[in-house]
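2 protein chains.
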Amino acid sequence: MGLNSNRVEDFSTHTGNTTVRVSTEIPMPAAPEAVTMEIHSVCMPPKKTTFQKLKHRVSEIFFPDDPLYGFKNQTWCKKLVLGVQSLFPICKWFLEYELRMFRSDIISGLTIASLAIPQGISYAKLANLPPIVGLYSSFVPPLIYSVLGSSRHLAVGPVSIASLVMGTMLSGSVSPTDEPILYLQLAFTATFFAGVFQASLGLLRLGFVIDFLSKATLLGFMAGAAVIVSLQQLKGLLGIVHFTNKMQIIPVLTSVFKHENEWSWQTVVMGLGFLLFLLTARHISMKKPKLFWVSAAAPLTSVILSTILVFCIRSKAHGISYIGHLQKGLNPPSLNMLYFNGQHLALAIKTGIVTGILSLTEGIAVGRTFASLKNYQVDGNKEMMAIGLMNMAGSCTSCYVTTGSFSRSAVNYNAGAQTAISNIVLAAAVFVTLMFLMPLFYYTPNFILAAIIITAVIGLIDYQGAYKLWKVDKLDFLACISSFFGVLFISVPLGLAIAVGVSVFKILLHVTRPNTVVLGNIPRTQIYQNLHRYREASRVPSFLILAIESPIYFANTTYLQERMLRWIREEEDWIKENHESTLKCIIIDMTAVTAIDTSGIDMLCELRKILLERKLQLVLVNPVGNAMEKLHNSKTLESFGTSSVYLTVGEAVGDISAAWKPQP
Amino acid sequence: MGLNSNRVEDFSTHTGNTTVRVSTEIPMPAAPEAVTMEIHSVCMPPKKTTFQKLKHRVSEIFFPDDPLYGFKNQTWCKKLVLGVQSLFPICKWFLEYELRMFRSDIISGLTIASLAIPQGISYAKLANLPPIVGLYSSFVPPLIYSVLGSSRHLAVGPVSIASLVMGTMLSGSVSPTDEPILYLQLAFTATFFAGVFQASLGLLRLGFVIDFLSKATLLGFMAGAAVIVSLQQLKGLLGIVHFTNKMQIIPVLTSVFKHENEWSWQTVVMGLGFLLFLLTARHISMKKPKLFWVSAAAPLTSVILSTILVFCIRSKAHGISYIGHLQKGLNPPSLNMLYFNGQHLALAIKTGIVTGILSLTEGIAVGRTFASLKNYQVDGNKEMMAIGLMNMAGSCTSCYVTTGSFSRSAVNYNAGAQTAISNIVLAAAVFVTLMFLMPLFYYTPNFILAAIIITAVIGLIDYQGAYKLWKVDKLDFLACISSFFGVLFISVPLGLAIAVGVSVFKILLHVTRPNTVVLGNIPRTQIYQNLHRYREASRVPSFLILAIESPIYFANTTYLQERMLRWIREEEDWIKENHESTLKCIIIDMTAVTAIDTSGIDMLCELRKILLERKLQLVLVNPVGNAMEKLHNSKTLESFGTSSVYLTVGEAVGDISAAWKPQP
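Sequence lines, in order, name chains D and E.
So in UniProt numbering, spot 45 of the first sequence is number 45, and the numbers just go up one at a time.
So in UniProt numbering, spot 71 of the second sequence is number 71, and the numbers just go up one at a time.
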């Protein structure tokens, strides 16, 4: 047990005869002859009606950030302006826009465009969509985000994870090659529902839903997805024609090695060459952040180089597959392609919700990261509405799910972006591409798209982060690992569900099996601390002081009662062995019992009854939160007697032991 | 905000110049000239390897009661005896059995038998099983429980809730009238799986699973089930022939009023007459617990009376339905009826798990209740194994799910039962009934069974308990109400699932939106308490002391960061308005932060960065639990500096404000 050290022989030696000085340098007042201890009573929280409590609760749940704070004490006119500015953040920052910012925004906008165009085409292929949809998705959404969004550095467009998940979930039921129109309809419909879901999370202020995807979970999930995506790209990189549509690691690896005869050596050589080039560029930029443009420019460079290369050798190498004809022109409207009835509607809604929540998580996290670097605030609920509206509008203009991409936002930030104007510049560049440059992509080989995807997703594997999780929190590591293996071996949505389950289980476990510690007094102070941890702390004879470190809920009342009775039994055994003064009083320090429910109250009453039969007194100390109120409402306080509740452990020990002493 | 009261004008007036006396009556030591404050450092918890931590965790999760405690320091021989006694509690208490106990046990055994025989027949009908199965289930299980069980007052047999749930779940897929053999097979198989599930929960020490059915949930669930069951009994009470098999309130009520033409007035008159008699008997016993035998004897009395009555008028009243022929003889073996493959296996397993968990909850709760009244311990995990083995054995001897019944156990207790011998007496009485008295039940009318069921389940509606929940804990009341309406309008298992969901949601809500409170100093003490609640507490100028009342987890980091920044903003606004001394230091009291994960640590680091840019110092106080260790492992402590962590708020305030004063 290790708790048997440091027992103080006599009570008076460590709590009596002691003065604690609170402040420095100030001379003490004349010491009074008879020192009397002041006992503070525990206050009830201020009276509130049920409605007031509900109102407080609701405002804490849905409006913790006090969104109307800025509107207080303003004229009506000012309020209107603030309202418009809060709906369209562009109205706010555009007034303060300066020309020198424009230069930075143009540079960063063009830089992310050079990254977004090849990535857009690649990610669309990852979602089994026509490559041009990726370009469409890099045109409309950035424009909408620049009007509605509150982040200055978010670079908007398709992202790898959401593309991957959409591709997996939809192609599980509908084949993109056999029924391309239906598949496209489902993709737009899923995008629409993703947008509706995101916007309603924001509107209903339920943004905390995405908090349940913890960083640890996402770490494992993204690493697993990156591995799967990279392996899937072996199709393009090796030139395999017949490849599985499944996303688990086993069928993917089987596909790779079963079709060895399809490997095309020209594709393999060029693919690996360009992959090496891209990885080297990425490595250089990571080592020296100032050289961010090396990795930013590499994809476009390699697309241009590889296209030229394939164009030159087109007659000799028939094994190399390339994109082929792309339609010139801007996004066609796709409102008529939304699919609101039929057997696949449920699939579209499910895909929309999963991709919606994933893209939201990435967008918000990226926005917050760069906002904190530049010390401005991003309002989560407002961002959700911006991203949601952007996807709803996107679904009507031939775009699929988009959000703020981590890699492109980082490039945007490093390239010196000042405002969302860089997104407008990006859209303009994509506009030019869509209108005039499409024929140039005819000979762009598929292997270069595979290489670009691999380079992008390989950065998602953060093994150092996983090692840190292992070092700091084993259960977080477990959540991380289970989402990693869940994604690899089971499926993307199920892997995610398992990881969320592990995270929630962690919370429940903490509540189901809370810590209970025995406290001791630190000599010459009123401080009571964990005996097991503070070697200088010493037991108080005749007392057993227990601290419960969790709310007392139905899920832990049985455990807590058993555990406390065991502490008492062990204490009594120890006393018997050491011939100490008998146990007379159990003090429960409830400072960390931040909530209690009816089961918890019943447990305390029963514990008191059990202890009374053993002639042990039960005393509660410092019931915080709603505990005092509930003890009162359930009439428990009456049956305990007001002298059973103290404000501090020190006062309880002092008062009770004083009452034991024979009166003079 | 209501927090603006009581601000102390000058720092020194309330923390300086003060002496706190710890104990009474003991004269103070000579006051030293220069009073220096002692600063205590925060200790790390004792070093443990990962394996040791895991071991500790596992032992707290699975063995909180230290089950091998009694075996410590014993000889091998004694250990063996203790082991046998712990497996078969009968070996322990039978040695101490005295003859005078036997008299009480016989009386209580016969009393519960008079209740168990009519209830057994009735409950079997509730589960859509032949009435005789109810009697079989009152014979074998009590015998097995008396050997294995550790409760002395539990009266074992079929119970209403489990019977109802089994009847509902099985008859949803298989009709008990069209396929009686298959239905019976499924019932025995479900019983077998219920037993396996219960025994394995006990064996794997996963007993805490049943803790997730909180008392509030069960209250609503049982009330809902009681309403449904009572309404279903209108079939027997009104003499309706065609009745729905569904369990929701709407089809049941429709059935009652659609078949008005089938109502038989003789049945209605006699049924209501006996129901009134039974309810009166129940009321008398509730008012005067000494007259417990009135309600205990009433069912058998009314069975006898009604049987005689029906026998006498059998030629005149054809509308009255009665039980008919019952097979004489003991339980036939039913091992060959267990059903381990085929399309209904999943249903049988599901039914087994749901009825298993419900009957376990009732059995354990009842056992614990009476154990605590007589001040002995019931080991939850051991009870689960006993109940599980009893059901496994039952499923092979034509019994369906059994457990400890609340109503019969209460009668058993009141009748003076001393040991599980009363269960053996009960089994003996059932044995005699099965062997010799079966023909007597030929004319027992079905309306009396309905009346007995209604009388039994009506006691499950505890509206006073529900009112108490409303008064004490609104969220518990919500869980109660949602399980009530879930059972009434949706279905029994779904209603239960919804209620468990609400209970778990309550825990998660507490973690997702924890309380944060501003602390103030109670004058002339080192006590810091909620400013909003303790009117005498006063703010400490230049400090903002925040207490977080929950673990810091991924689910609340975003909220907490936003909320703390809002507290700071509000404090700064207040200072500006009141021309107070500027805010310099934020103290976070982590006493109630009983756990922290990697997201929480990241949040603290980010908060510190944000505050540093605003020239505000961030100080942590009393990191308990694993917080200190994780701060250290993640190197956060290094970056914070050791002077940013204090043991108490008082020491932090004293030390930091001393450092601000110009050195003399």
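Don't take each hint at face value.
It does not matter which identical chain is used: a pair holds within one copy or between any two.
[Stated by the list, open to error] Distance condition first, Cα-Cα at most 30 Å in a straight line; then the derived BS3-like pairs of lysine-lysine:
#  : residue 1 : residue 2
1  : 92        : 48
2  : 468       : 79
3  : 47        : 328
4  : 246       : 374
5  : 290       : 246
6  : 316       : 471
7  : 474       : 584
8  : 258       : 350
9  : 584       : 609
10 : 287       : 72
11 : 584       : 48
12 : 635       : 584
13 : 290       : 316
14 : 615       : 316
Read the hints as simulated data drawn from the structure, not as lab findings.
How the hints compare with the structure:
no., hint, in the structure
1, 92 x 48, "neither (40 Å within a copy, 55 Å between copies)"
2, 468 x 79, "neither (47 Å within a copy, 46 Å between copies)"
3, 47 x 328, "neither (69 Å within a copy, 67 Å between copies)"
4, 246 x 374, "neither (42 Å within a copy, 62 Å between copies)"
5, 290 x 246, "neither (40 Å within a copy, 71 Å between copies)"
6, 316 x 471, "neither (55 Å within a copy, 84 Å between copies)"
7, 474 x 584, "neither (40 Å within a copy, 36 Å between copies)"
8, 258 x 350, "neither (33 Å within a copy, 42 Å between copies)"
9, 584 x 609, "within (15 Å within a copy, 49 Å between copies)"
10, 287 x 72, "neither (48 Å within a copy, 61 Å between copies)"
11, 584 x 48, "neither (38 Å within a copy, 33 Å between copies)"
12, 635 x 584, "within (25 Å within a copy, 43 Å between copies)"
13, 290 x 316, "neither (41 Å within a copy, 104 Å between copies)"
14, 615 x 316, "neither (97 Å within a copy, 68 Å between copies)"
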